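There are 2 protein chains.
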Amino acid sequence: MSANKINPDLQRERDNCTFNVTELTNLLDGGPQKTEERKQREDVVLKEGIHTEPVPAIYLSHKDKYELAVKKSCALFQMIRRLQEEENAGMENYQALLGGTLGTAIFGDGNPLALHYVMFIPTIMGQGTVEQQAYWIGRAFNLSIIGTYAQTELGHGTFIRGLETTATYDPRTKEFVLHSPTLTAYKWWPGGLAHTANYCVVMAQLYTQGKCHGIHPFIVQLRDEETHMPLPGIKVGEIGAKLGMNGTNNGFLGLENVRIPRDHMLMKNSQVLEDGTYVKAPSSKLAYGTMMFVRVMLVNDMCNYMAKAVTIATRYSAIRRQSQPKPDEPEPQILDYVTQQHKLLVGIAAVHAFKLNADWIWNMYNNVTAELESGDLERLPELHALSCCLKAVVTADAAECVERCRLACGGHGYMLSSNLPLTYGLVTAACTYEGENTVLLLQTARYLVKAWQQAAAGGGAPPTLQHVAPAPRRNPPWENSVRGIVDGFHTVAAGKIGLCVAQIEKRQKSGMSYEDAWNMTSIQLASASEAHCRAIILATYLKETEQLVKGVSAELRLVLLQLVDLYVLYWALQRIGDLLRFTSISERDIEQLQSWYELTLSKLRRNAVGLVDAFDIRDEILNSTLGAYDGNAYERLMAEAMKSPLNAAPVNDSFHKYLKPFMQGKL
Amino acid sequence: MSANKINPDLQRERDNCTFNVTELTNLLDGGPQKTEERKQREDVVLKEGIHTEPVPAIYLSHKDKYELAVKKSCALFQMIRRLQEEENAGMENYQALLGGTLGTAIFGDGNPLALHYVMFIPTIMGQGTVEQQAYWIGRAFNLSIIGTYAQTELGHGTFIRGLETTATYDPRTKEFVLHSPTLTAYKWWPGGLAHTANYCVVMAQLYTQGKCHGIHPFIVQLRDEETHMPLPGIKVGEIGAKLGMNGTNNGFLGLENVRIPRDHMLMKNSQVLEDGTYVKAPSSKLAYGTMMFVRVMLVNDMCNYMAKAVTIATRYSAIRRQSQPKPDEPEPQILDYVTQQHKLLVGIAAVHAFKLNADWIWNMYNNVTAELESGDLERLPELHALSCCLKAVVTADAAECVERCRLACGGHGYMLSSNLPLTYGLVTAACTYEGENTVLLLQTARYLVKAWQQAAAGGGAPPTLQHVAPAPRRNPPWENSVRGIVDGFHTVAAGKIGLCVAQIEKRQKSGMSYEDAWNMTSIQLASASEAHCRAIILATYLKETEQLVKGVSAELRLVLLQLVDLYVLYWALQRIGDLLRFTSISERDIEQLQSWYELTLSKLRRNAVGLVDAFDIRDEILNSTLGAYDGNAYERLMAEAMKSPLNAAPVNDSFHKYLKPFMQGKL
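Respectively, the protein sequence lines represent chains A and B.
Once you know that position 241 of the first sequence is 241 in our numbering, the rest is easy, because the numbers rise by one and skip nothing.
Once you know that position 94 of the second sequence is 94 in our numbering, the rest is easy, because the numbers rise by one and skip nothing.
It is worth saying that the hints were derived from the structure and are not from the lab.
If you're wondering where the values come from, they're calculated on a predicted model, not measured in any experiment.
Note that CB positions come from ideal geometry on N, CA and C, so glycine has one too.
Mixed in with the good hints there might be a few duds.
[As the list claims (entries may be wrong)] The calculated BS3-like cross-link candidates involving lysine-lysine, where the alpha carbons are at most 30 Å apart (straight line), are:
(1) A:Lys657 - B:Lys643
(2) B:Lys5 - A:Lys235
(3) A:Lys506 - B:Lys326
(4) A:Lys326 - B:Lys506
(5) A:Lys71 - B:Lys657
(6) A:Lys509 - B:Lys326
(7) B:Lys509 - A:Lys326
(8) B:Lys71 - A:Lys660
(9) A:Lys71 - B:Lys450
(10) B:Lys235 - A:Lys5
(11) B:Lys543 - A:Lys280
(12) A:Lys47 - B:Lys660
(13) B:Lys71 - A:Lys643
(14) B:Lys506 - A:Lys603
(15) A:Lys666 - B:Lys71
(16) B:Lys509 - A:Lys603
(17) B:Lys643 - A:Lys643
(18) B:Lys235 - A:Lys657
(19) A:Lys235 - B:Lys643
(20) A:Lys506 - B:Lys603
(21) B:Lys280 - B:Lys174
(22) A:Lys355 - A:Lys603
(23) A:Lys643 - B:Lys235
(24) B:Lys450 - A:Lys326
(25) B:Lys174 - A:Lys71
(26) B:Lys603 - A:Lys509
(27) B:Lys666 - A:Lys47
(28) A:Lys326 - B:Lys71
(29) B:Lys47 - A:Lys666
[Claimed, not checked] Derived coverage of chain A by chain B (criterion: at least 3 residues anywhere in the stretch with Cβ under 8 Å from a Cβ of chain B; other residues may be distant):
(30) 159–167
(31) 237–246
(32) 449–456
[Claimed, not checked] Calculated from the model, a selection of chain A residues having no Cβ within reach of chain B, i.e. all distances over 12 Å:
(33) Tyr135
(34) Asp263
(35) Val279
(36) Leu372
Pulled out of the complex, with its shape left as it was, chain A reads as follows (with noise of 0.2 Å):
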């Protein structure tokens, strides 16, 4: 299998593009020097062989699996270290590693040192005083301690309040005293928590003075800095196997009247004084900023993961030949099926509509934060309910972009060389975690019912939500463009969200409390919450494009116009129900949508293979048999199937231990 010869399918796609894929490479970095440096970068790190395995990870064991990766890691951190010095960089290398597709290409399947940088030392840059960053960031930072971050607990997860966890001030000895007074008190879940940190951030309702003053942040050291031991009262473990992120070493956390000084809690916000007095923070709301930025740069990865999916898809797509619709025609690839450039271009289209989203929210986020830092709060309720649906509904709509991609691959996307199953474990994993995706559309939904019921006391929208208002049902005419569509998906949210508070008042005028008419209410709320989100996402595609699209040559332009048509073509199908109910678009106007959307797919059908080119993932990163550059998926199936340990003998040694004596009856 030489690097060089590409499977010629592959490359008459390439040949049949019509514009040019470095044009679009280097929009999507940011521009040509993005695009450079980003390949140095990829260059720097890959050489080093660390994502390399003798034996692929996914035949190892569990223990095999943690130990690679903590090996891997150190391997990792070490090089940045040194590329740190050499370079005199910035925070670049870490964000590449820890954020972008490089540090999936080289752990595959979760880091344990990933909630050290992630978690543990933002905590304490964000949460502790100088005098405490100047103590623990230095040390965290050349990793003389490895951090983590523990919040959720075995019984209590979105629901941060629910925490049972105490830590109690000892006025005596000028200490918390940490404790998990129950079996779902344990903490759950954080990542390098069972073998890999010795130190923790974590979180517990802090009493002092006999007042429980809710949740706040401590710093626990949980094992010996030597030895690694575990320290006398704390009980600390595993997890066990999930789904995926089988290297992050999930770990559970249990307290038995552990005794921290007074100066590990973390106190740049609330503080405890010596005599055990408590310090409220100025505001309550500046903790939601950590929760608000992880939110938002989710957003960012669930765009990598499906461009890795949609660029394994796609080309395996064209490299493999099915069936004989016309007789005396080879079989054609399996690109060209309608029904197949439906599973696969609306998922190209969706990466372009959630990094124009990503690099939105990101913009609004940081104005937000620098209003915060001149104590005006204002924008910060908007910025919440917004980054809530965006999570929930990009997780879940990457989620199922990459299953229709692994099951676009038929029985081939279920091998794990494929690279599918273990790209959808990490994204479906973001559907629970950093708040679960229903509980965010309600977060959503309260927000827009507040606004909904605020314009009808006659204050105003705030920008998002300009189409929150109620008025008369809006039945103006139908205009079947993309912008006609865009405009009535704003009305269909409104008409959900209007119909939602006219059925909460109802209920609670036949005798409901507005909590039990809120929940009788709830399916309504969540499909209003994602209807509100949708009409956000495909208006800031259009727009953003539109204004992107003006610095782009016109080929380029053309298909990247012909994208957000067949993305907001595909909506509008998908949710022809609503708009049916709240627009007065008609059977003709659908007929037609349809056929624009068949048309549009069978226009982009030739620039498939160029728009996942264009994603420019190395084969190193997407490390798929079924996705890789040239195109040799089949040779590449089999050469990664004689890597399996199982193959390397022809005879098992369960043969002559079970079967033959099985066989013969004499087990």
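Following the hints, complete the assembly by docking chain B onto the known chain A.
Then chain B, alone, in the frame of chain A:
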């Protein structure tokens, strides 16, 4: 953790159940005696302890997983042999262990001997002559030989005519020469092929007297019966790790001019005479039989997996508490959230719906098979079309249901110990094997379009297609009832097929070939096929339940009819767009359906646990920390975590080997 201590939340659910759980269990089993027999079989099999694992298989390496699966297989079939001798039993034990939940309880993730029983022996029985049966079946049944069935190739799956493996008759030696002309011709996927089987039915293109006669079955010896070494010309091994089913030992097989005697071709249907003359089978349609049988059986399997998933998620939802919607009350059980009921109860209803549909098509299959024996092929195409779309819709729905149940358990559903990820792996595999789902939907569509055109030309429609008849768009007054909705689904199906036919004709008139017009319309065709299947599933569920409830208590009748309501309402609300397009349903009707759906959820809420208890899946079979009968999910999560080999030592070796030197800068 005492087996008797039931979680009080779960006990209260059981106390509040309004119907007799045993009555429903008996109904589902087919009578109290069947329940008794099932329980006895479970007792006998489980008391052997073959299902228990010193270290849970999820922690083992890929190779160790296989060796454990062989060990278990041998122990299991050894036991069955003993039981058969002791009890002089029929095939029930084999059926229960190969098709039912009992088998998956023992193997968890696949069984390397399954294809020996499910495909190798049945193929010889179905396609071998009496002499061939006499020679092979006995040896296969007493396990003197172990076989499998190899059809799919690396480059060819669902499209069987495209298979490349050749079997060329050599009249001089009276042998067939089996050969894989290319890498893509390698057999790929057969269970047990890698290291377990020593014989195999190979499907190959038959060449004799210079002519190709299409795919035929040949028995090929793969390995020496004594040493198990692969025979000359046989390239055999395993295909590598997969998303699931890692105990099945899926293999590849390349053949290099391997010679087999003439009588190793299975010749019940077609024959090759000694001189090489080819004698054709009376009907080529006979070969459909096995494929349809497998698809029909699959529907039943899916019910079992769904029943497991909803049992786990429902019991967990009764003991999990979260949030505090009302300030002064404790955190509610998550089962009290209407969004949670929405996720779970439709799954419970779907088990009932699919079970009744499975019984219905099983009867139809038996009738059509009986007609076939007497030479009547008339209903074969109808059954084939039904089995295709039903397989596609049921497997897709089942996968979605299992995944929804997993996500409804939040993060804990991601733990392998919940058994939801493994269950998903087994279910989603069925979406691509035995015919890829989109391809199957389009096969049914081909039949529907033909039936529509025949009806348009004045012919009648077969019973399951009464609604397929071109007529002016029928808009009878909408009736907002379960029956009205079911009728509406028939109208939708007819409308969609009609639109497809019109669209294809329009495209042909604009100059497209029929094949291109078909392809261009294929998204709509697949959707029409799905709509047709939905109509049949809903109608069958309603009709069969109405029959069934005649013989049950008033309490149970009420609940079974509520489940039908729920399921039909759920699908109506999922398909509002279709109903609005093709029927005269109004906005007011829709709002009523929504309220009715929400009301039905709240009615069924108190019986949710009773309904899953009635599936009567023993803890050993459920094999889930979250779903056990006693509801002690947290205790079980912790107990299972402690079985991880990583938890055997407080400090992992990797600390001394990698982490400590790294932290001290000495790596």
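Checked hints:
no.	hint	verdict
1	A:Lys657 - B:Lys643	holds, 26 Å
2	B:Lys5 - A:Lys235	holds, 25 Å
3	A:Lys506 - B:Lys326	holds, 20 Å
4	A:Lys326 - B:Lys506	holds, 20 Å
5	A:Lys71 - B:Lys657	holds, 8 Å
6	A:Lys509 - B:Lys326	holds, 19 Å
7	B:Lys509 - A:Lys326	holds, 19 Å
8	B:Lys71 - A:Lys660	holds, 11 Å
9	A:Lys71 - B:Lys450	violated, 62 Å
10	B:Lys235 - A:Lys5	holds, 25 Å
11	B:Lys543 - A:Lys280	violated, 65 Å
12	A:Lys47 - B:Lys660	holds, 25 Å
13	B:Lys71 - A:Lys643	holds, 24 Å
14	B:Lys506 - A:Lys603	holds, 20 Å
15	A:Lys666 - B:Lys71	holds, 14 Å
16	B:Lys509 - A:Lys603	holds, 21 Å
17	B:Lys643 - A:Lys643	holds, 29 Å
18	B:Lys235 - A:Lys657	holds, 23 Å
19	A:Lys235 - B:Lys643	holds, 15 Å
20	A:Lys506 - B:Lys603	holds, 20 Å
21	B:Lys280 - B:Lys174	holds, 19 Å
22	A:Lys355 - A:Lys603	holds, 23 Å
23	A:Lys643 - B:Lys235	holds, 15 Å
24	B:Lys450 - A:Lys326	holds, 18 Å
25	B:Lys174 - A:Lys71	violated, 60 Å
26	B:Lys603 - A:Lys509	holds, 21 Å
27	B:Lys666 - A:Lys47	holds, 22 Å
28	A:Lys326 - B:Lys71	violated, 49 Å
29	B:Lys47 - A:Lys666	holds, 22 Å
30	159–167	holds (count 3)
31	237–246	holds (count 8)
32	449–456	violated (count 0)
33	Tyr135	holds, 18 Å
34	Asp263	holds, 23 Å
35	Val279	holds, 26 Å
36	Leu372	holds, 27 Å
Hints 9, 11, 25, 28, 32 from the earlier list are contradicted by this structure; the remaining hints agree with it.
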